[in-house]
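Novice: So the sequence lines, in the order shown, correspond to chains A and B. Going left to right, the first sequence walks through residues 1 to 345 as the working numbering numbers them. Going left to right, the second sequence walks through residues 346 to 690 as the working numbering numbers them.
These are computed hints drawn from the structure, not numbers from a lab. Accuracy of the hints is not assured; some may be wrong.
Calculated cross-link-like contacts (lysine-lysine; reagent style DSS-like; alpha-carbon spacing at most 27 angstroms) [to be verified]:
hint: 1; chain 1: A; residue 1: Lys-129; chain 2: A; residue 2: Lys-241
hint: 2; chain 1: B; residue 1: Lys-525; chain 2: A; residue 2: Lys-148
hint: 3; chain 1: A; residue 1: Lys-148; chain 2: A; residue 2: Lys-271
hint: 4; chain 1: A; residue 1: Lys-338; chain 2: A; residue 2: Lys-220
hint: 5; chain 1: A; residue 1: Lys-148; chain 2: A; residue 2: Lys-180
hint: 6; chain 1: B; residue 1: Lys-525; chain 2: A; residue 2: Lys-183
hint: 7; chain 1: A; residue 1: Lys-254; chain 2: A; residue 2: Lys-115
hint: 8; chain 1: B; residue 1: Lys-599; chain 2: B; residue 2: Lys-565
hint: 9; chain 1: A; residue 1: Lys-180; chain 2: B; residue 2: Lys-493
hint: 10; chain 1: A; residue 1: Lys-148; chain 2: A; residue 2: Lys-220
hint: 11; chain 1: A; residue 1: Lys-213; chain 2: A; residue 2: Lys-118
hint: 12; chain 1: A; residue 1: Lys-129; chain 2: A; residue 2: Lys-220
hint: 13; chain 1: B; residue 1: Lys-599; chain 2: B; residue 2: Lys-493
hint: 14; chain 1: A; residue 1: Lys-180; chain 2: B; residue 2: Lys-599
hint: 15; chain 1: B; residue 1: Lys-594; chain 2: A; residue 2: Lys-180
hint: 16; chain 1: B; residue 1: Lys-460; chain 2: B; residue 2: Lys-525
hint: 17; chain 1: B; residue 1: Lys-528; chain 2: A; residue 2: Lys-183
hint: 18; chain 1: A; residue 1: Lys-249; chain 2: A; residue 2: Lys-180
What you are looking at is a predicted structure, and each value in this text was computed from that prediction instead of being measured.
Spelled out, the chains give:
There are 2 protein chains.
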Amino acid sequence: MPELRRDPVVGRWVIISTERAKRPDQFGQAAAQNEDLGEGEKCPFCEGNESMTPPEITAIRHRGTRPNAPGWEVRVIPSISPLLQIEGSLDRHGHGMYDLMYARGAHEIIVESPKHIKEADLSKEQAIKSFNMILDRVQDLEKDKDIKYVLVFKNYGEAAGGGHIKHARTQVIGTPVNLKRVKEELAGCRVYYGHRERCLFCDMVKQELKAGKRVMAETKHFVALAAFASRFPFETWIIPKQHSCDFYKMEREKVPDLAEIIMTLSARMRKVIGDFPFNFVLHTAPFRRDAGKRGYWETIEHDYHWHFELLPILTRVAGFEWGSGFYINPLPPEDACKSVTEAKI
Amino acid sequence: MPELRRDPVVGRWVIISTERAKRPDQFGQAAAQNEDLGEGEKCPFCEGNESMTPPEITAIRHRGTRPNAPGWEVRVIPSISPLLQIEGSLDRHGHGMYDLMYARGAHEIIVESPKHIKEADLSKEQAIKSFNMILDRVQDLEKDKDIKYVLVFKNYGEAAGGGHIKHARTQVIGTPVNLKRVKEELAGCRVYYGHRERCLFCDMVKQELKAGKRVMAETKHFVALAAFASRFPFETWIIPKQHSCDFYKMEREKVPDLAEIIMTLSARMRKVIGDFPFNFVLHTAPFRRDAGKRGYWETIEHDYHWHFELLPILTRVAGFEWGSGFYINPLPPEDACKSVTEAKI
Numbered sequence: 001m002p003e004l005r006r007d008p009v010v011g012r013w014v015i016i017s018t019e020r021a022k023r024p025d026q027f028g029q030a031a032a033q034n035e036d037l038g039e040g041e042k043c044p045f046c047e048g049n050e051s052m053t054p055p056e057i058t059a060i061r062h063r064g065t066r067p068n069a070p071g072w073e074v075r076v077i078p079s080i081s082p083l084l085q086i087e088g089s090l091d092r093h094g095h096g097m098y099d100l101m102y103a104r105g106a107h108e109i110i111v112e113s114p115k116h117i118k119e120a121d122l123s124k125e126q127a128i129k130s131f132n133m134i135l136d137r138v139q140d141l142e143k144d145k146d147i148k149y150v151l152v153f154k155n156y157g158e159a160a161g162g163g164h165i166k167h168a169r170t171q172v173i174g175t176p177v178n179l180k181r182v183k184e185e186l187a188g189c190r191v192y193y194g195h196r197e198r199c200l201f202c203d204m205v206k207q208e209l210k211a212g213k214r215v216m217a218e219t220k221h222f223v224a225l226a227a228f229a230s231r232f233p234f235e236t237w238i239i240p241k242q243h244s245c246d247f248y249k250m251e252r253e254k255v256p257d258l259a260e261i262i263m264t265l266s267a268r269m270r271k272v273i274g275d276f277p278f279n280f281v282l283h284t285a286p287f288r289r290d291a292g293k294r295g296y297w298e299t300i301e302h303d304y305h306w307h308f309e310l311l312p313i314l315t316r317v318a319g320f321e322w323g324s325g326f327y328i329n330p331l332p333p334e335d336a337c338k339s340v341t342e343a344k345i
Numbered sequence: 346m347p348e349l350r351r352d353p354v355v356g357r358w359v360i361i362s363t364e365r366a367k368r369p370d371q372f373g374q375a376a377a378q379n380e381d382l383g384e385g386e387k388c389p390f391c392e393g394n395e396s397m398t399p400p401e402i403t404a405i406r407h408r409g410t411r412p413n414a415p416g417w418e419v420r421v422i423p424s425i426s427p428l429l430q431i432e433g434s435l436d437r438h439g440h441g442m443y444d445l446m447y448a449r450g451a452h453e454i455i456v457e458s459p460k461h462i463k464e465a466d467l468s469k470e471q472a473i474k475s476f477n478m479i480l481d482r483v484q485d486l487e488k489d490k491d492i493k494y495v496l497v498f499k500n501y502g503e504a505a506g507g508g509h510i511k512h513a514r515t516q517v518i519g520t521p522v523n524l525k526r527v528k529e530e531l532a533g534c535r536v537y538y539g540h541r542e543r544c545l546f547c548d549m550v551k552q553e554l555k556a557g558k559r560v561m562a563e564t565k566h567f568v569a570l571a572a573f574a575s576r577f578p579f580e581t582w583i584i585p586k587q588h589s590c591d592f593y594k595m596e597r598e599k600v601p602d603l604a605e606i607i608m609t610l611s612a613r614m615r616k617v618i619g620d621f622p623f624n625f626v627l628h629t630a631p632f633r634r635d636a637g638k639r640g641y642w643e644t645i646e647h648d649y650h651w652h653f654e655l656l657p658i659l660t661r662v663a664g665f666e667w668g669s670g671f672y673i674n675p676l677p678p679e680d681a682c683k684s685v686t687e688a689k690i
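In isolation and in its complexed conformation, chain A is listed as follows:
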């Protein structure tokens, strides 16, 4: 079973994922990389190949079709090589000065089209179905009391860890501990709220809409901002205009608007930089915050604001970043924004 180990110095958790194990001497070999499916290779996510995956968790299906057979529009399956497993107990324990536990949780794949198409080729209707399914899955996982957080993300392209199979899909991981990155955001938002009694993200949206020069796209309910301190060229945050800390409580009538801003933004970006590798992650408030209401949780409903981060992977992270926690970005976000908003789609 995969193990979760805690770094004793900074408290960072690491998943030792033996499900994906290789022999030590295999790490030095560069894998041959196809642009998409290799010759004779079948895509496990395509309609007709349902038997290549574990049994489906749920799906949007045409009337009268059976599970794990053709006839679906969006299909949710457990990951073939799960980072965390739904069975077993956490059994958090010590090992001398170290801490570890078993990697209990959930790892699902939302396949966003029955056809072998990439994210950029999804229709708006299909993107809406997919976002609705993401909401369904997060709402469902919220009911599992052992899951403290659900991370929704996409890896697209080899450089972004997306593998070589270009079939549109989103990953959903439910974790038994809260996430370091999210806790850092919660702490920052709480400090800001403590000074001003206002939400940091709400203030940022207000300031950015007024300044204009980092607004990548805007719809009725959402705004996409080139982050002021972007780590990566073209880094963009998609933020709901209305304050809310919980993604999973989003009103369903806003889903088409969310699909629209993301599709517009990414179509414009592809005009400027072509078909780019990216990671796309959701940051939302942790689920379990009723006990005690101290620390992060005290004012979380007022001070935290859910959002997506779109991180194009066009530069490399190197020794300076690993060593310092600083990032080096060779493209001012204002320049990225200008080029994207001027792109004709």
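With chain A's structure known, arrange chain B on it following the hints.
Specialist: Chain B alone, transformed into the frame defined by chain A:
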């Protein structure tokens, strides 16, 4: 002048490095990658090509040779595209809710051989000269009162951000602010010391030497450990056995021992995984800690312990890591250690 911008949510600093600027539409183009120098390309770090770099800061030179001419063994130059600049003022200021300052600091390259050879081909004598020069440079930068921290690091190989020119070198960056990653370590060590009145790293070295199964290499004064919660396959920490928070105060007679453990370790690792891309970073205590002696600084001389981190870049960081701050490592450190210690060199 490059700008340092602070993320308003998590406080992470980003260098917007216009010295390395490209047009926005150039980020989509994959650069042609040579394994080393391209045809007709000259290496700026080789003896005889001194005029290709800014004037040298210092060098270990043969008697009677002039600066910026052949006749050296180790040569220190300012970076050709510096991330931080030695002139100017910080001018830390606000911009609405944002914080920024100018990127004042130092960025030097220590060229470790006059010959065009890579790290793996350095002689032990040459590696000793190089480590002595690193100590010289950190000691010198410590005297600049505007520099709070010095990060020493190596990027080797394209995947680790090392570029395509394989000429052995180390980078030294002096920063005007303390580093997020180091502050996280300081905080963790201080909490541990608060509980136990012992240094976390000293305890870790003791526990690991007893257990044995994560000891990658050992010399009289140093130990190399496969980190218990390794983020990356073959991640290794090189730790001095004697407690000290300041690398720059290391006794010079220990330098040959430091060169030896690093050369032994990396030769063994190359036996297992071949010529591997890596980042190598020094973590040591910040310089300016006399004012107040509060917070991190209160017990820093007792609770913090300098060390190097060797991070082989054999896997990709993807959406899960960016989103969560968790890492996924497919190779248990005990297996990495077994393969490396069994390698015959």
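Novice: Now, for every hint given, state plainly whether the structure supports it.
Specialist: Evaluated hints:
1. A:Lys-129 / A:Lys-241: Holds: Lys-129 of chain A and Lys-241 of chain A sit about 22 angstroms apart, inside 27 angstroms.
2. B:Lys-525 / A:Lys-148: Within the cut-off at roughly 26 angstroms; holds.
3. A:Lys-148 / A:Lys-271: At roughly 39 angstroms apart (the allowed maximum being 27 angstroms), Lys-271 of chain A and Lys-148 of chain A break the hint.
4. A:Lys-338 / A:Lys-220: holds (21 angstroms)
5. A:Lys-148 / A:Lys-180: holds (13 angstroms)
6. B:Lys-525 / A:Lys-183: Distance ~15 angstroms between Lys-525 of chain B and Lys-183 of chain A Cα, so the pair holds.
7. A:Lys-254 / A:Lys-115: The hint holds at about 26 angstroms.
8. B:Lys-599 / B:Lys-565: Cα-Cα ~9 angstroms, so holds.
9. A:Lys-180 / B:Lys-493: holds (26 angstroms)
10. A:Lys-148 / A:Lys-220: violated (31 angstroms)
11. A:Lys-213 / A:Lys-118: Given pair Lys-213 of chain A, Lys-118 of chain A is violated - Cα atoms ~30 angstroms apart, limit 27 angstroms.
12. A:Lys-129 / A:Lys-220: holds (20 angstroms)
13. B:Lys-599 / B:Lys-493: Holds, at roughly 25 angstroms.
14. A:Lys-180 / B:Lys-599: violated (37 angstroms)
15. B:Lys-594 / A:Lys-180: violated (33 angstroms)
16. B:Lys-460 / B:Lys-525: violated (36 angstroms)
17. B:Lys-528 / A:Lys-183: holds (16 angstroms)
18. A:Lys-249 / A:Lys-180: holds (23 angstroms)
In this structure, the earlier hints numbered 3, 10, 11, 14, 15, 16 are contradicted, and the remaining ones agree with it.
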